[in-house]
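Enquirer: Each chain is listed here by its residues.
2 protein chains.
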Amino acid sequence: MNLLLLEEADFIAADRVVLRDRRLVHMQDVHRATAGDNLRVGRIGGLMGNAQVLRLEAHEAELQVAFDLPPPAKLPLTLLLALPRPKMLRRVLQTVAAMGVPKVVLVNSYRVEKSFWQTPFLEPEAIREQLILGLEQARDTVLPEIVIEKRFKPFVEDRLPAMTAGTLGLIGHPGDYPPCPRGLDEPVTLAIGPEGGWIPYEVDLLSKAGLQPVQLGARILRVETAVTALLARLF
Amino acid sequence: MNLLLLEEADFIAADRVVLRDRRLVHMQDVHRATAGDNLRVGRIGGLMGNAQVLRLEAHEAELQVAFDLPPPAKLPLTLLLALPRPKMLRRVLQTVAAMGVPKVVLVNSYRVEKSFWQTPFLEPEAIREQLILGLEQARDTVLPEIVIEKRFKPFVEDRLPAMTAGTLGLIGHPGDYPPCPRGLDEPVTLAIGPEGGWIPYEVDLLSKAGLQPVQLGARILRVETAVTALLARLF
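Chains as they are written, first to last, in our numbering: chain A, 1 to 235; chain B, 1 to 235.
I should point out that these hints are in silico values taken from the structure, not numbers from a laboratory. We put the CB at the ideal spot given by N, CA and C, even for glycine. Wrong hints could be hidden among the right ones.
[Claimed, not checked] Far from chain B, by Cβ distances over 10 Å, these chain A residues were calculated:
| id | residue |
| --- | --- |
| 1 | Leu24 |
| 2 | Gly45 |
| 3 | Gln52 |
| 4 | Leu54 |
| 5 | Lys87 |
| 6 | Val105 |
| 7 | Phe116 |
| 8 | Pro120 |
| 9 | Ala126 |
| 10 | Asp140 |
| 11 | Pro187 |
| 12 | Pro200 |
| 13 | Val203 |
| 14 | Gln215 |
| 15 | Arg233 |
[Unchecked claim] The calculated lysine to any residue pairs, modelled on SDA-like cross-linking and capped at a C-alpha distance of 20 Å, are:
| id | chain 1 | residue 1 | chain 2 | residue 2 |
| --- | --- | --- | --- | --- |
| 16 | B | Lys87 | A | Met1 |
| 17 | B | Lys114 | A | Gly46 |
| 18 | A | Lys74 | B | Ala218 |
| 19 | B | Lys74 | A | Ala218 |
| 20 | A | Lys87 | B | Arg90 |
| 21 | B | Lys150 | B | Gly197 |
| 22 | A | Lys208 | A | Ala165 |
| 23 | B | Lys208 | B | Leu133 |
| 24 | B | Lys74 | A | Met1 |
| 25 | A | Lys87 | B | Leu133 |
[Said to hold, decoys possible] If you anchor each label on the Cβ, the simulated ranges turn out as follows:
| id | chain 1 | residue 1 | chain 2 | residue 2 | range |
| --- | --- | --- | --- | --- | --- |
| 26 | A | Val18 | B | His26 | 18 to 26 Å |
| 27 | B | Thr34 | A | Arg20 | 20 to 28 Å |
| 28 | B | Asp176 | A | Asp68 | 36 to 44 Å |
| 29 | A | Glu113 | B | Pro181 | 37 to 45 Å |
| 30 | A | Gly49 | B | Pro200 | 22 to 30 Å |
In isolation and in its complexed conformation, chain A is listed as follows (with noise of 0.2 Å):
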């Protein structure tokens, strides 16, 4: 944690926040702050500043804060991602929002097993969880929005066009095709398929919504992996 992110209910006046949670114990065990120690916070949605610890107890902290800083900027980037695994799920969503990236589809896909639809991990505040934690890993305050769309094909026909509109669209997949472009400045949507790849008739889909294939060479990678580098390389 290298920013402590702050809700609107933390807040017992505009300049104090109470803690009790998981944050309370992450400054007892892992900062081991005392009274008077000063820490980086943020509040979500807003801000990032700085707090000063006015009394740290058993069960709970009152903090003093004063927000002067823009959270960094985000990704000019929509991200279309077929479902991962639900372990792959959770740390894909930290992934994402610790690289800035505003907006993911979560999206069916031929290869995603159907089971994957059930996990727990896909509830508000499950996927909530982790996108807090990639924030506070990467000092951000800004929540992505995730979007779950369970059929591929009405998404990609009716929806996603709009969506891709005055993008670049790519989708990132193995194969004979261009190498995926470097340090971009425009907006992008991008399509990351599940394991084993998009099937071609995905491909087509994607194709007509405005999205054409590249690939970042012979390595096949795992799903976080490939967001990663695909980000990295394009941004």
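For chain A, the structure is supplied; the task is to place chain B on it using the hints.
Expert: This is chain B only, laid out in the frame that chain A set:
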């Protein structure tokens, strides 16, 4: 597992192997292979090719193998990595093997907890197991070389300069430094610090050995994400 990696001990003839371990279980449970099926195989340290399943029984499988394809090229890179915490170490070893890093030096740093050096995941067999998983994921056959340097100063002063000679030496380090370069063809020596980063004294010593700090932006990334992002951006 996108490539079934074969060890010398698996061979019962020049074109025949017998498998009995986790690879047999993987063929049964994930590939759901039956006699006559074809699988991608690779010979550790050698060529890749195809196997045909001759028989697949509860306790062993016999495959006929032929090799014709060289493994993908490695990156022109030596990666100097402050020893990550044990759980992260395992994932990072998989990641570096998958991404094609040929040589990794695991080095001490002021912010590496002493207990990390006690982990059984640093045993040669444990390291090899994670590297194999990365090679199987990415379809490569050549194990990266892993060097362990438990003392920072003698390594950086006495051995690193020779290792860095003729390469572009870089330190991935947050701060007011030039941005990490993109799309290089030349050989690189890249140092990535621990959680919390190298301390100034370590950056000084690394600089004297020929490495210069570069940054990836304001976001603080976990070690595994930073490794992937830096490699994807550099090459």
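Enquirer: None of the hints should be skipped; say for each whether it holds.
Expert: Hint check:
no.	hint	result
1	Leu24	21 Å, holds
2	Gly45	17 Å, holds
3	Gln52	21 Å, holds
4	Leu54	26 Å, holds
5	Lys87	12 Å, holds
6	Val105	21 Å, holds
7	Phe116	16 Å, holds
8	Pro120	22 Å, holds
9	Ala126	20 Å, holds
10	Asp140	7 Å, violated
11	Pro187	18 Å, holds
12	Pro200	18 Å, holds
13	Val203	19 Å, holds
14	Gln215	12 Å, holds
15	Arg233	5 Å, violated
16	B:Lys87 / A:Met1	17 Å, holds
17	B:Lys114 / A:Gly46	38 Å, violated
18	A:Lys74 / B:Ala218	11 Å, holds
19	B:Lys74 / A:Ala218	11 Å, holds
20	A:Lys87 / B:Arg90	16 Å, holds
21	B:Lys150 / B:Gly197	17 Å, holds
22	A:Lys208 / A:Ala165	12 Å, holds
23	B:Lys208 / B:Leu133	36 Å, violated
24	B:Lys74 / A:Met1	34 Å, violated
25	A:Lys87 / B:Leu133	17 Å, holds
26	A:Val18 / B:His26: 18 to 26 Å	51 Å, violated
27	B:Thr34 / A:Arg20: 20 to 28 Å	57 Å, violated
28	B:Asp176 / A:Asp68: 36 to 44 Å	19 Å, violated
29	A:Glu113 / B:Pro181: 37 to 45 Å	40 Å, holds
30	A:Gly49 / B:Pro200: 22 to 30 Å	25 Å, holds
Hint compliance for this structure: hints 10, 15, 17, 23, 24, 26, 27 and 28 are not met, and every other hint is.
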